[in-house]
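> Sequence:
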Amino acid sequence: MTPPHTPPALTRLRVQPDETPDDAQPVPHRRRGGRQPHADSTVAWVRRLIEQTTLPQHQIAKKTGVKRTTISVWTKNYGWTRPPLAPRSPHTVPLWRAGPNLKLRLLTGRLVAIAERMVRELEESDDTDLDKLVQALQVVKMARTTAMGNKRRPFLVGRPQTGWQTLTQDEAIRAALREMHRRGVDIDRAPQEALDLVIDANLPVEEDHPALRERGATRR
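Residue numbering for the sequence shown is -5 to 214, as defined by the working numbering.
For the record, the hints were derived by calculation from the structure and aren't laboratory data.
Owing to the predicted nature of the structure, the values given are computational and were not obtained by experimental measurement.
Using 25 angstroms as the maximum straight-line C-alpha spacing, the simulated SDA-like pairs for lysine to any residue come out as follows:
1. Lys56 <-> Ile44
2. Lys56 <-> Tyr72
3. Lys56 <-> Pro77
4. Lys61 <-> Arg76
Distance windows between CB atoms, simulated:
5. Asp194 <-> Arg42: 37 to 43 angstroms
6. Ser66 <-> Gly103: 15 to 21 angstroms
7. Pro78 <-> His52: 16 to 22 angstroms
8. Val67 <-> Thr47: 18 to 24 angstroms
9. Arg138 <-> His52: 35 to 41 angstroms
10. Glu117 <-> Trp74: 33 to 39 angstroms
11. Thr63 <-> Arg42: 18 to 24 angstroms
12. Thr75 <-> Glu110: 27 to 33 angstroms
13. Arg168 <-> Trp74: 37 to 43 angstroms
14. Asp194 <-> Glu110: 18 to 24 angstroms
15. Asp120 <-> Arg176: 34 to 40 angstroms
Idealized CB from N, CA, C, for every residue including glycine.
Make a model of the complete structure from these sequences and hints.
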């Protein structure tokens, strides 16, 4: 007599899911290349990572699935601020750390503000001040020149050098004023306030600037 077949006892093993990090948020499905807006939860998630962590933007983009350009636009439009030790965009650094391109962009906006202020003063006055009108026109030309930039190819002799190695402070000032004169700006008729902005924006970075010194280092 054949004994009945008794199947062996089966023990069900429970598989533990991977631990979810604290900053993980559900990312809703969004068609690639579509113009559908991101969910509010995604925007809030990106904002928390921007304002409360020191992660660079490319890691935040990889974690959240949002493009770096979109994160940059959100940070600028919504006024999000990064922690002190977090990486910063070159467009948000202080003026003393700004490069030549950023200085010229900031200079253009400040020159436009001066020109608009002078035009408002001319419009509000009963009599037309010809000297102030000429000064306003010179500021407009200066703003246009800084917006266009110097597109001429520099003539280099000898081994390649950086701009900071080539230009000294006096040479930088002369180069900026020559460029303004070449664009039709009458330096003698331009207001001193605008000239000071142009000169300051074209000066090389000070090598011994206090903010560039190593922390904790003492000078002898």
